[in-house]
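K.L.:
As they're listed, the protein sequences go chains A and B.
Heads up: the first sequence at position 115 corresponds to 115 in our numbering, and the numbers run straight through without jumps.
Going from the second sequence to our numbering is simple: count from 1 and add 116.
Treat the hints loosely; a few may be bogus.
Claimed, not checked - Below, in silico cross-link-like pairs of lysine-lysine (DSS-like), each with a Cα-Cα straight-line distance of 25 Å or less:
no., chain 1, residue 1, chain 2, residue 2
1, B, LYS223, A, LYS41
2, B, LYS158, A, LYS20
3, A, LYS41, B, LYS183
4, A, LYS55, B, LYS215
5, B, LYS172, A, LYS41
6, B, LYS118, B, LYS223
7, A, LYS66, B, LYS215
8, A, LYS64, B, LYS215
9, B, LYS172, B, LYS183
10, A, LYS41, B, LYS215
11, A, LYS41, B, LYS118
12, B, LYS215, A, LYS14
To be verified - Pair ranges (Cβ atoms, derived):
no., chain 1, residue 1, chain 2, residue 2, range
13, A, PRO8, B, PRO124, 24 to 34 Å
14, A, ILE12, B, SER136, 31 to 41 Å
15, A, ARG98, B, LYS118, 23 to 33 Å
16, A, LEU68, B, ASN212, 36 to 46 Å
17, A, GLU52, B, SER169, 32 to 42 Å
18, A, SER15, B, TYR167, 29 to 39 Å
19, B, PRO124, A, GLY16, 46 to 56 Å
Worth flagging that the hints you see were computed from the coordinates, not collected in a lab.
Where is the CB? At the ideal position from N, CA and C, for every residue including glycine.
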Amino acid sequence: GAVVSQHPSWVICKSGTSVKIECRSLDFQATTMFWYRQFPKQSLMLMATSNEGSKATYEQGVEKDKFLINHASLTLSTLTVTSAHPEDSSFYICSASRPGQNQPQHFGDGTRLSIL
Amino acid sequence: QKEVEQDPGPLSVPEGAIVSLNCTYSNSAFQYFMWYRQYSRKGPELLMYTYSSGNKEDGRFTAQVDKSSKYISLFIRDSQPSDSATYLCAMRPEYNFNKFYFGSGTKLNVKP
């Protein structure tokens, strides 16, 4: 069964609004979670690494003020797209690894974000 | 040059065929190798996870790693229409638990 839950699966909103996406690890505590963006027919693009209790580490070119990440607990990380614009429309996916050094990433089911 | 190269396809095969999906990579430090299956508008689902060289089998799936050639493969036996999806390879080095490198994905279509 799923080990990472992501919500909502699809959201449509008006330009200028902020949208929050939640990512939960279901049966383990995740000190680190990852946020990806995926464009149609393209691979995953890592946006940031979310660390519990500390600031996220953003990849080059990703605006920190635009994509706010909060990892307030060991099972929940949130991504807030602030003042969203049509160019922010995309498929956002989170992932987490079980504790331990040699663990793969498990992905959520993604959030399709459409900004009108 | 990308760290991980993967043919985007599409790869179209008849039902029941053996499918071979492949990735090449350039970083000899990669030690952990993964294959994910991604259906349209869904997140990637972990299929296989292997360490270093060798083979691993799970049902109809076999993952193969050849570190000397920097080449990994995923074989699907008795392919089914439900196997139609995009397959992503991923890998990471021994020394960095949080740094994963993904292929661009191969789209597979299994025809009934």
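K.L.:
Check each numbered hint against the structure and report the violated ones by number, ascending.
P.N.:
3, 5, 12, 16, 18 and 19
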